[in-house]
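Using the sequences and the accompanying hints, generate a full structural model.
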Amino acid sequence: MAFEPAPDDWWKGAVIYQIYPRSYLDTTGNGIGDLRGIAEKLDHVASLGVDAIWISPFVKSPMKDFGYDVADYLAVDPLFGDLQDFRDLLERAHDRGLRVIMDQVLSHTSDQHAWFLESREGRANAKADWYVWADPKPDGGPPNNWLSVFGGSSWQWEPRRSQYYLHNFLREQPDLNYHCPAVQQAVLDTCRFWLDMGVDGFRLDVCTFYAHDAELRDNPPNPDIPEGEAFEFNPYSRQLHIHDIVRPETVTFLERLRALCDGYGGRALLGELNQSEAVRVHREYTAVKRLQLAYGYWLLGAHHVSPGVLREVARDLGHDEDAGWPAWALDNHDFTRAITRLGAEETPDAVTVLMAALACLRGAFCLYQGAELGLPQAELPQDRVVDPYGREFWPAYKGRDGARTPMPWTGDAPSGGFSQVEPWLPVPQAHLERSVAGQDALPGSTLNRLRRFLRWRGEQPALRQGGMEFFETSGEILGFRRILADGALTCAFNLSDAEQVLDLPAAETGPEITGHGFGGIRRGDEIHLPAWGAFFARAAP
Amino acid sequence: MTGAPMARPGPYEPLADGFAADWWRGAAIYQVYIRSFRDANGDGIGDLGGVLAGLDHIADLGVDAVWLSPFYKSPQKDFGYDISDFRLVDPTAGSMEDFMRLRDAVHDRGMKLLLDFIPCHTSDEHPWFAESREGHDTPKADWYVWADRARDGSPPNNWLSSFGGPAWTWEPRRSQYYYHPFLASQPALNLHNPAVLDQLIAEMSYWSDLGVDGFRIDAVQCLSWDRDLRSNPPVGREGSNALIGGGPTNPFAAQLHYFDRAAEGTRAILERFRAFADANDIVLIGELADIDTSQAAAEFTEQGRALHAVYDFGLINCHPEVDSITAQLERRERLLGNGWFFNVFTNHDTIRAVSNLTHFAGAELREAAAKMLLFTQMTLKGGCILYQGDELGLPHPHLDYDQIVDPWAKAFWPTFEGRDGARTPFPWNDRQKNCGFSKATPWLPVMAEHARLCVRRQCDDPGSVLSFTRDFLAWRRTEPVLRLGEERMAGGERAPIISWTRAYKGEERRIVVNFSEDDAFMPVSDRWRMLTAPGCTTRREGHGIALGPLAFAILAPGS
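The listed protein sequences derive, respectively, from chains W and F.
If you count the first sequence from 1, position 536 lands on 668 in my numbering, and the numbers rise without skipping.
If you count the second sequence from 1, position 490 lands on 1482 in my numbering, and the numbers rise without skipping.
Since the hints were made in silico from the structure, they are not lab data.
Warning: the hint list may mix true and false statements.
[Unchecked claim] If we take Cβ atoms under 8 Å as the criterion, some of the chain F residues that face chain W in the derived model are:
hint, residue
1, ALA1139
2, ARG1143
3, ASN1150
4, PRO1226
5, PHE1244
6, TRP1405
7, ASN1421
[To be verified] Think about it this way: if two alpha-carbon atoms lie no more than 30 Å apart in a straight line, the pair counts; the simulated DSS-like pairs of lysine-lysine are:
hint, chain 1, residue 1, chain 2, residue 2
8, W, LYS530, F, LYS1132
9, W, LYS196, F, LYS1069
10, F, LYS1402, W, LYS269
Since we're looking at a predicted model, the values are computed, not measured.
Quick reminder that beta carbons are idealized off the backbone N, C-alpha and C, glycines included.
Given below as structure tokens:
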């Protein structure tokens, strides 16, 4: 199928498949995945019925944070290939009707980026204020109390300048100074390079972190410590992050970036938002002329997802016509895989129905590689952990490697067809048992169920672009309607492990639609939903 | 000026009186940095077997004792100053059998054996820390220095690591910070805990039972800290600070280290160590840094109560010119009282003395500078600790960033080159691979500029720095006044000459050093006569003595 440029709002209701290139397919035999590997597996991606791929960073990097530390925004890292490989990948994706969203890490660079190497040399060079430099306090300590997400102070001493620089993450990831007009221009030029090449959008890494308080005021202590083991271990959670991040200058810059994209047409911005004040931040960042899509951590860190939780989040984010569009995500490269996190290793259907529900809520849906197989989190021994975040907080937090292990294409040990050599992270036995080839042959597999559902879902315009309203249900059922001019589509999902019955006359829903594979049926005025089942019906206007 | 090499001295025989019975007073000690001395097992890293193989070189110098840098089990994050087991020999250094053989060989040659002891911290891989970090309920929960976070999640106070960054690191297992005055992988032991002190003494006892004669105690200033964890005040505009390492930009210098260095309680800890030492007839020589060490030296070595002696970085870190060196020596002399102090011009933590204290001397004068510095070190009161390579007059080499391994250098590069330059392998024989240090690739490069100064080239050259070191140490043995005598700096403006007198039991000596590359003249009354000693200027000229560049002389009363 030839790629037809779709309307500018293709992103509304899109299903976006996230590829972590290190772990997709290794074609060079170095144990690390690469761009050609992605190109080779595009038929698998297309078979899922998704609309776009988001590729985690593949540009030049010393890989201290596995690509989220960019040393050159305009070159492909040799581990992954070269620019021609990317152009080929782009073309082959477009040939299959897949949009390509590129991960842009614009809040910080690597400390090996030429910009930083110049900036750190002294206080008078042309890039002296491209990063966030500050004198020490009189006692020699850092200028304020800001902490790094990855542990310790977010200020690192640079003897060449006798100053500290800011890094919200690793010390090898100095923060760019968005108060400097030349930095904003350089970042926009970077994005223009890729837009000119034809990428369909950007996923913006930690895009609330761009600007900082120019007065460098201390963050106040956080009186309400966020609950949950995902945060308790980290002193970062003890501050209200009102001065180090989410500064007003950031959205002003995002408007410039949006205007740049709009000049091309059909390009989308998908932003990663931070934890605190997520709802307010989502509304602010997805307002008109800012981000088309954004995801927060509402579900990514959750250990329990109920219909009530989903309703509450969706309502908080707003779903009237003017509201911004969330990107629903249950999994990505930063969080424990949902199958494990939600306790569904023995009952993967519990997560399959959840993914189906998210794909039907107003918003885009991000599907992370391996989620289509129902992969559980990989357990790694300490000596195999390479994630600096996990090394810092081990064992209270074991890091992100367990969600980043290579894709199991076949059931063959040791690496499931990912690589001819020992891969950079091991492939667990449990993943080999859930390989693509293995599931491909099983009609009821998670993979085949998701393929079927996502293809079916793709043919329902209301599920892509319709408005949304919830209706009353029992506690275990999530029910809502997606409304377009040509009718209303009723969706009901049973998120429990027992059959549920919903009283809902046909007169209110219109005729049942089949083909989705989730087993709900109408009996008279009742809708019968099997465990982890779903029901759909469409009414004319 | 140098005579033929003298015969190797016999075992040291204590002088008659009680004071002189202390072998260590005024002794000459040789510091071996094992990783860089000689590699016997072929892994590119020096080891105990290598020290044994090179021991005759040390014995031939005529020193009284050998101090071995740490060879205990260690992950080597700070090259052995991060111990993970005090009683095991690290595999890179060899085996316990190697140690026993070396111990016997040292004693057979009439020398004493000192080990490096690091009581202030361990490696984070030490089982004690592994247990302590697990939680608040383990028996070793308070063996290290744990503290809750501040309300905003920050560390409990403003203390900095002298190796860069805060001195506190978060431990997620306990949800607390731990204190580390150096690397984060070197957690500080809690010596306020009597159980910890008992355990450390047990560790020392293990080695003293094996026959070692004493310990060099690492970083004495870090034994104690303020139990209220008060923040240090800033130095401020007018303030001054002790000279510290880490280069000119180390933020550590911006604080007055009232609460994290040499804090209250240090003396009590040292007295416990001393009681153990006296009971076991061993000697304790402490390292002092980061603080006003001249002041602390007196307190920590007050006769018979705490350490036997200390050494510091006062001269090493002072601006190397005659006035500041003289002032430093005068201050030390004034404050020391009945304490005891060793002269150290180079060690494994510093720039090599020739390139530091006599950085002004051109390449053609470097040999003369090396001899002058050795002479000064051997004639000042206290005795000297010679660092391996000092006896060859090795200059301090420059290493590129991709050659360095010292974590301290990496933290402050390029404003601080760190300690690797003093740790490059010892040049034995320029006709052999890696100058005879190792058959394998050495852990640090053997410097080309050191090859021509190797032992082979110097050992039979009567004019070499090596021959001077041997000859002067031998001559010094005939001069009890240089070993034990009191010291008085000569007052008055005499730059570029530094001069002092030593006096003991009616004997008196006057030492004169031209600390410059110019000729210098010093008026000396007729009541002083020139002594003929190795390397010394011996001719009077008119009413004084004329000293060529970097020349030196010893005078005695009489005509």
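Verification of the hints:
no.	hint	result
1	ALA1139	violated (12 Å)
2	ARG1143	holds (4 Å)
3	ASN1150	holds (5 Å)
4	PRO1226	holds (4 Å)
5	PHE1244	holds (6 Å)
6	TRP1405	holds (7 Å)
7	ASN1421	violated (38 Å)
8	W:LYS530 with F:LYS1132	holds (25 Å)
9	W:LYS196 with F:LYS1069	holds (20 Å)
10	F:LYS1402 with W:LYS269	holds (23 Å)
Checked against the numbered hints above, the structure breaks hints 1 and 7 and satisfies the rest.
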